[in-house]
Every structure is written in structure tokens, then in C-alpha cells.
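Each chain, written out:
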Amino acid sequence: MLFDVSGAKHWIVRLNQKLQEQKKYLTSLDQAIGDGDHGLNMARGFQEVVLKIHDTEYKDLGTFFKDVGMTLILKVGGASGPLYGTAFLKFSMELKEKKEINGIELGEALSAALEGIRSRGRAQLGDKTIVDVWEPVVDLMMSEGENLNPDELIRLANEKMEDTKDMEAKKGRAAYLGKRSIGHIDPGATSSMYLFEALAEVLKGESYEE
Amino acid sequence: MLFDVSGAKHWIVRLNQKLQEQKKYLTSLDQAIGDGDHGLNMARGFQEVVLKIHDTEYKDLGTFFKDVGMTLILKVGGASGPLYGTAFLKFSMELKEKKEINGIELGEALSAALEGIRSRGRAQLGDKTIVDVWEPVVDLMMSEGENLNPDELIRLANEKMEDTKDMEAKKGRAAYLGKRSIGHIDPGATSSMYLFEALAEVLKGESYEE
Amino acid sequence: MKKLINDPNQVVMEMLEGMVLAHPGKLKQIPDTTVLVRSEAPVEGKVGLVSGGGSGHEPSHAGFVGKGMLDGAVSGEVFTSPTPDQIFEAIKAVNGGKGVLLIIKNYTGDVMNFEMAAEMAEAEGINVAKVVVNDDVAVEDSLYTSGRRGIAGTVFVHKIAGALAEQGASLEEVEAVANKVIKYVKSMGMALTPCIVPAAGEPGFQLGDEEMEIGMGIHGEPGIEKTKIQVADQVAETLLMKVVDDLQLKESEKVAVMINGLGATPLMELYIVNKKVAEILQEKNVKIHDTFVGEFMTSLEMAGCSISILRLDNQLLELLDASADTLAFKR
Amino acid sequence: MKKLINDPNQVVMEMLEGMVLAHPGKLKQIPDTTVLVRSEAPVEGKVGLVSGGGSGHEPSHAGFVGKGMLDGAVSGEVFTSPTPDQIFEAIKAVNGGKGVLLIIKNYTGDVMNFEMAAEMAEAEGINVAKVVVNDDVAVEDSLYTSGRRGIAGTVFVHKIAGALAEQGASLEEVEAVANKVIKYVKSMGMALTPCIVPAAGEPGFQLGDEEMEIGMGIHGEPGIEKTKIQVADQVAETLLMKVVDDLQLKESEKVAVMINGLGATPLMELYIVNKKVAEILQEKNVKIHDTFVGEFMTSLEMAGCSISILRLDNQLLELLDASADTLAFKR
Ligand SMILES: Nc1ncnc2c1ncn2[C@@H]1O[C@H](COP(=O)(O)OP(=O)(O)O)[C@@H](O)[C@H]1O
Ligand SMILES: Nc1ncnc2c1ncn2[C@@H]1O[C@H](COP(=O)(O)OP(=O)(O)O)[C@@H](O)[C@H]1O
Ligand SMILES: [Mg+2]
Ligand SMILES: [Mg+2]
Ligand SMILES: [Mg+2]
Ligand SMILES: [Mg+2]
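These protein sequence lines are chains A, B, C and D, in that order. With UniProt numbering, letter number 43 in the first sequence gets 43, and the count goes up by one each step, no holes. With UniProt numbering, letter number 77 in the second sequence gets 77, and the count goes up by one each step, no holes. With UniProt numbering, letter number 114 in the third sequence gets 114, and the count goes up by one each step, no holes. With UniProt numbering, letter number 41 in the fourth sequence gets 41, and the count goes up by one each step, no holes.
The hints are simulated quantities; they were obtained by calculation from the structure and are not laboratory data. Treat the hints with care, as some may be off.
What the hints assert, rightly or not - Covered by chain D, according to a simulated footprint, are these stretches of chain A (three or more residues, beta-carbon under 8 Å):
no. : stretch
1   : 6–14
2   : 98–105
3   : 199–205
Claimed, not checked - Simulated pairs of lysine-lysine, DSBU-like, Cα-Cα distance not exceeding 35 Å:
no. : chain 1 : residue 1 : chain 2 : residue 2
4   : D       : Lys-330   : A       : Lys-24
5   : D       : Lys-92    : A       : Lys-66
6   : D       : Lys-130   : C       : Lys-2
7   : D       : Lys-2     : D       : Lys-130
8   : C       : Lys-2     : B       : Lys-59
9   : D       : Lys-228   : C       : Lys-67
10  : C       : Lys-26    : D       : Lys-92
11  : D       : Lys-228   : A       : Lys-24
12  : B       : Lys-66    : C       : Lys-2
13  : D       : Lys-226   : A       : Lys-165
14  : D       : Lys-226   : D       : Lys-67
Built from N, CA and C at the ideal position, the CB exists for glycine as well.
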């Protein structure tokens, strides 16, 4: 498996498509246990990212993902802006001047991204945040390396997202709800699931319409 | 026909009963072309009047109606307070020290009350106000004198009230509506109709429950 | 009806108590009345200013009681003119020997009740003058009808007449400047939603999800017309142009602008309206001396706004800028 | 959704333009940002104060920019924390050489974005301190969670830290007094109706005709519990007692009170709430030094209120009373 700038663009464009389609759904999840803007935030941010990367020729993955991260930091705000922004920035730092990477390198770079999320948000597994999808998915990619089955990745991301439903939020806005946060899927976990789903689809080599 | 303090009390108590019953209706009429408080104003004012007169022994009609007028002025506010209050005050001044009066004296005293309304509100016939009920009804009482048929009084008061429906308001809050005031019965004309209806019922000698 | 109240029939008294408890150094209540006056009232040697009307327009009018504006405010029941005895109490309480000016909004009820109070005061030898504010250009101006309503522009009358009174002017002078403001201030409003008088328990009128009311009064009285809901720029233009035309504003004249919220409209929206208002005035080369954005004359929890424009000459400009220290207007 | 707006996605920018057009002598906008600063910024030799957060809480925070309070305010999208670059622009614009204090409300998003901005500023050699306001006692205070939200009590932090900064204190001193206010101020809110984020177009939550939400956040985040609607006295008591208990207020302590409207609640109702609040405090023999009633930290057109109590020692009392000249808070 090889992942290059073209694959990276596919990933981000595909993710943006999902986010635009699911904007209302993500917002409704956030209305239940947050402030109802997660869909708006993600859709606004990735729309800007796609605009930004559309007309630029990127020579390597590092500069590409640096633009993704910076754009998210500058355009999203809220909790998700710094978290996803930091993730892509850390990701890009691992990929400096890399033109293409294999599955092992991809897992390692995503692991750095997860570290960025953790140090920015200080959330742990089980706090009902994006970490609850990122951590198991990154673990899977690290352990499978070149043997990663993209469908298994999709399955796991969805399962871990579903698992946030029964959790009591400890971090982020949903934490104010205490026990009332139980019974609702976490919006950030859901947008993270789309992120990995889009990645897996690109890894599978699915074509897409821009 | 003789009208004394006992009849006067019956009149006011009966009028209050009607106003309490029709509070919502009067208010809904005022919502259509005014500010929706006419029923509240009249019900509040006459409730106070009834409280005031309940425990007092009145020796003559003048002191009785002075209390009615003063209470209305002090408790109603809005447009209807000064108008009805002034009417009963002027009425009382005509009845100073009178213990009982006949139909001719009643008509004359009501005519003075109408003058009070006119000089306070400066409304003319056709302006869509209480004057549109008061003026024809008082005219009838003046011309019929002792021969007044109370049922005819009720019929006329109702007819004149109905007639305000087609008028364009020139005075009071409904005047701000201009032509949009056409098609709605005037709330003040309606409360005035109750006033004369209650009077006619007392003149007919109908008994009532307090 | 969802309201933070206890007894719908006690809202006015409880509100007044809450106000005095909040601001004991600024306001005092005349016992057993609905009258609030400056804590130092009566101010000797100063014309006293009294305004008032139905409640439900807060901060009008008690919010404008204080140095440089009103001396006393009388509150009636919600949307109902106060009674003459209450107004009379206010007149007595603020009379510092130089006479009292009554600032009345042009509603039949207010005019009649204030007139009766003035008669009572004159019978007691207090010198009283009255001015009637009628700034609402939504209503046709006619000698044969009740004329135009008084709405948010009234606050400029309080401010400017209050400033002149504070300087020690005579009753005639204060009355004259009040009448000049009345001549020079015009307003117009609109509503997106109705409001509920507590004792009535139901909205005074209905507006569909896609409707708004143009030329709305401040008591839920219907306006000129119901129209389809418009964007803020269009609303601003409609209201402003009616006001500007009525004032016959000319190039390089100076004005003060008030964007008044009716109760439920967020400050955010009022500023969006002001953006367009300022742009139009700048285009017309009208000089905006100052702009006031916020809630000055409300209608309970009605959503909507009014726009007022006050033409300024040198006297008015100076008096508008003079210091004022009230709850809702400080300079 | 009935709102006086043009494009739901442009509300923040249009609002900011409208504000600057209304108050050109007081506020200026840093070009191409959502940052408003005092027209005289940066003030040399004074610690600069920056606050901000999502929009929709007007007059917070730009309404508190001015002499004696904030130097700059940063606005994010509605209910969404501003981005670090915007905050960084504000820091640069108000830095008068004595360092900059960031006053942050305790929301994950705000904390992270302000932190990133502080890192950027420090990289440029600007001395930055941060305080995080968490006055909302509706939320459990716990080390293992995000902790408590920052709500209306934040305004007291602006006021008091601003007053000390105005006196020329050092960044450490201003930070310390801000932290003292944060320790001493507690708040709690409730809502009768939800509000609609313009870009979402739908209410953030639902409340039945007979329901209210106790412990409401200021972004439509649900509170502690939905209950049957209660009268004002009961609401006041519920909120106040939670605040008083948390503060462990004792007899003859001095406090400042804030009754804050969330957007659509008439001033009348806020004063009715204050009546009960003042009565309870008087009963407890707590001394009310001053009371602030009005809209300070809103949630668009949400109906409801919050109650804040600030314990006052001599330092805080003096700084609270110091003069301030901003749009929404003048002394
Ligand atoms: N400390 C944190 N660490 C990781 N993820 C977090 C943290 N706080 C919040 N999140 C995630 O952010 C999501 C909310 O994002 P968003 O709605 O865009 O921001 P906000 O809460 O500021 O409105 C939550 O659903 C959660 O998954
Ligand atoms: N100038 C006037 N002369 C006679 N009647 C009037 C006048 N103005 C108003 N009214 C009457 O008063 C009624 C409204 O009374 P009310 O609703 O109690 O007072 P307000 O208009 O102050 O709310 C109108 O329906 C009308 O009949
Ligand atoms: Mg959110
Ligand atoms: Mg009426
Ligand atoms: Mg009325
Ligand atoms: Mg948010």
C-alpha cells in the first residue's frame, strides 16, 4: 500500500463530501449533548480546506497536511478546530518532505497526530470524545501495518463511535451534562469515524467524483 | 319609574357581573384594533367599584355615583378610566343630594355624563368610540322620558354598538389603524352597551343574584 | 405564557419593588404609589420632569430617572396609562418650586390621565406644563384623529429637556426645548413576534412564521401592514426612509440615531440593522453625531425594532451630549 | 426562524461593522479580523485585557471594551470559540508593553484556542497571562472533567481586573485580582425557551409549554434538569441558594448581585426576580453593596436569566466602584 499526495487529496475531498452531507446530522448530535454547532464547524472548516488545496500543487505530503492543519486551526474555532487542526499539523510534521509512504509510516504519523490531540485536549479513553475513535483505530493501523484491511478499519471506527453512546462525558461541552450525556453518540467521535472511513475508502482505491 | 340608591347599586353590580363575564370577549375585541386590555381595565375598575360600594350606606345618589366615578378614575387608567370616570362624576354632580329620580331626571343626568365624555375625549359621533352608543341612547332617554321602554333601550344600544363595526376609527388607539379598523366592533362601544343593558334590566325591575 | 413572574396581577408592584431594592441610592418609591423618583427629589430650584405611561416598556420610564433626565416616572398597569392620582403624586414629589413638565406619549389614555393630573396640580398651585410626544411616522398625522403615537423618540425628549432643566432653565424654556425635540424626532417600528400581557395570558395579535408587521406600535397595536418577512437591510431601509422623508432631512444635516429593540431582539440584530442605517445616512451625506443601540422603549418580549432619527441643531446637540446618570442612559 | 438578519453566515461580521459604525469614537476594528479594540489601543504602560468567545452573547464581550474594563474583544462564529490567529491579533493590538491578560471562559474550545494564541504571542515575545472563569455552579466541580462553565460572572472579572489595570498595576497583580474574582463569583442560570443559532436555523433544544430548564448554559447546552415551570420567587430561590451555598456566604459579608437576562426576558421580569433575591439576602443578613440588572451575557433570544453573586472584600469593592466607560457598563 502506498499513500501519496493524490491519495491525500482524495482523502480530504472525500471527507469533506461526507461532512457536507452529514452536516445536519452532526449538528443534531451536538444539539443533544453540546451546543449544536459541530456539523457547522466541521463543514465550514473542511470546505475551506478543500478550497485551499484545490488549486495548489503539492510536492510532498508534509506541505499538504500542513495546509490542512493550519486551515482548520484558522477557520474552525470551537473545540474541534484546535483538536483536528493540531492533529493534522502533527501529522504533517511526521511527513516532512515525504512524497509517498507505506502503511507502517501512515500508522506512525497518525499516532503522532493522536498524540497532538491528547496533549491539546487532555482527554483519555472513555471520556466520550474523538479520542475514543482515534486511539483504537490508530492502534489497529500500527499493529496491522502493511496488512491493514480497510474494511476492518471502517468496521472498528463505526463500532468505537457507537460505543461512545453509553459513556458519560468527562471532557468537552457534553461533560456539563454529567449522566444526562449517556445515551447519545458523541458528535466528535462521529466526525472522526467519517475521517477514518474516508481514509479507508481511499486506501481501498475506490474512485470518487469531485 | 323611580330610580333610587338601591336601583343604582343593582345597576352597578349587574354591570360588573356582565363585565367579569365578558372580560375575555372585550379584551379580544381590543386585541383586534387596540392593545388588548379593555376587558381587563373594565373588569378591574368595576370590581373595585363593587368592593367600594358594598359596605357603604349611601344616603343619596350623588354620593353614590361620586364614589363610582372616583373609583374608576383611580383604578382603571388607560382611555376608559378617565372617560367612564368622568361620566359618572358628571352624572353624580347632577344628582347631588337626590334620593330618587324619575325617568326625565335620569335622562338629563346621563346627558350631563355624556357631555363629560365629550369634553374629555373630544370624540364625535361616527369616530368609533363609546360616544356612538352613548349619544343615541341618551337621546332616546331624553325624548322618551317617563315613557321609556327598557327593551327598546337594549335594542338600540345593541344596534348602535353593531354599527361601530363598519366605522373607521378617528379617536382612540384604533385610529392608528386607519382603514384597517373597519370590520371590527369597538370594544368601548361594547362595554357601553353592557352599561345600558344593565341599566335597562334594573329599570325593568329584574331581580338579580349578588 | 412563559414568564418569570409570580402573580400576573402584581407584576408592576413587584417590579417597582425589585427596582428600588436594586438601586436604593438612585431611586425611591413614593409610598403606596407606582411612582419612582430620584432619591434626591425634589431638587430645589430645578424644573421637575415627570413621564410615565403603561408598564411593559422598561427601561422606560423609570430607567431614565436620574441626574440630567427625569425626576419621576409613573407606571400604570401593563400597557395601560396610569391614573391621575398617581401622576399627581409624582408631580408633588418632584416639584422643586420651579414648576413641573409632564412628558406624555400621545395615546388617548395617557393624554387624558395626565391632563386630569395637571388639573389637580394646578388646583394646588403647582405650575405644570405638558408636552405630547408623537414621533411615530407609521401613523398618519391628522387633525381629525388622535394623531401619531409616541414611541422610542420620547427618550430623546427626556434626555434633552432633562439636560436643560439640570442647567436651571425655566419651565417655559424646558417646555420649549421639549417641543423642539418633538418636532425634530421621528421614529418607526416593526415586529417579528407579538407579546403577551401577563394578565391577558395570550398574545395580542398573531403573526405567521413568514410574516412581520410594519409600523407596529409599542402595545401590540397592529401597524400599517403585515408583510412577508424581509431581510434586515430591507427592514432598515423601509423604516429609515419613511422617517427620513417625513423629517425632510437634507445633506450635511446632523442627526442622532436610535436603534431600539422591542424586547426579544438580540443586540446582534440591532447592530446589523444599524449597519444598513448608517450606510444609507452616509450615502445621503447626513452627519451621524451619535448612535444609540439597545433597548430603550420595549414592548415586553416582543421581537422587533424601531428606528428613530433626531435632527440636531447646536442647542440640541449640546444638550444631548450633556452628562446624564440614569440606569438606562449614562453619558 | 424569525431574525432581523441578512445572511446567516455573515451575522458576526455585519454585527461588528454595525458596532463600529455606531460607536466610532469608542471602538475600532482590526482590519480583516473579528477583533474590536478601544479606539486608543494600545494604551502604553497599561496591562492590556483581552476577552472573547463565540458570538451571540452580546453585549459580551465588545460591549465591555473601554476605559476601566477590556482593551479588546475577539468574536468567534455564533457560540463557537474564535480561532487562535484572531485572538493573537487582539493580543498584538492591545499590548502596551506591560503584557496582556487573557480572560477566558471555561469551555474546552475557548481554552484551547486562547492557549494556542498565547503560545503564538509568547513566541513573539509578548508577555501573556491567562485566567479561566468558571462561575457556573450548575455544573459539578471536578478535576476529572472539563470543570465548570464560565457565564455571566465573567463580567465582574472584566470590571475588576480592568479597574486595576487602569491604575497601572503589573500583569501579575492584574492576574491575581482576576483570579480572586474568579474564586469569589458564582452564578447559575435557567431558561424558559431555547434560542436559534442563525446558521443552524433550528432551536438547539426543545422545552414544552410547561417546562423550564434549570442550570442552563449560555449556548443552549442543556442544564441540570428539566422541571415544570415555576413562579419567579421559586426560580430565584433555587438559583440563589445554590450559589450562596457554594460560596458559603456568611452573615454580614458584602456582595454584588447580578441578575442577567439571557436575551428575550423583559427587564420587568428580571426586577421581579431581583425582588426575591434581595429579600432572601437581606433575611440572611448579607449586605448587598450593589445590584446589576439587565443583559450582560446573553444567549441570542433565549428567555431566562442567571443570578451571580460576587463576594466583596475591600479591594474588590473599591475596584468594582471605580469608573468605567464602556457601551454596556458605565460607572
Ligand atoms: N478535550 C477534548 N479532547 C478530545 N476531544 C474533545 C475534547 N473536548 C471536546 N472534544 C470533541 O469535540 C466535539 C465537539 O466539537 P464542537 O462542537 O465543534 O466544539 P464545541 O464543543 O466548542 O462546540 C465533541 O463531540 C468531542 O468529541
Ligand atoms: N377620545 C375618545 N372618546 C371616547 N371614547 C374613546 C376615546 N378614545 C378611546 N375611546 C374608547 O376607549 C376604548 C378603549 O379603552 P381601553 O382599551 O380601556 O383604553 P386604551 O385604549 O388606553 O387601552 C375604545 O374602544 C373607545 O371606545
Ligand atoms: Mg459544539
Ligand atoms: Mg385598550
Ligand atoms: Mg391600554
Ligand atoms: Mg461551539
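Index of numbered hints that the structure contradicts, given in increasing order: 1, 2, 3, 4, 6, 7, 8, 9, 10, 12 and 14
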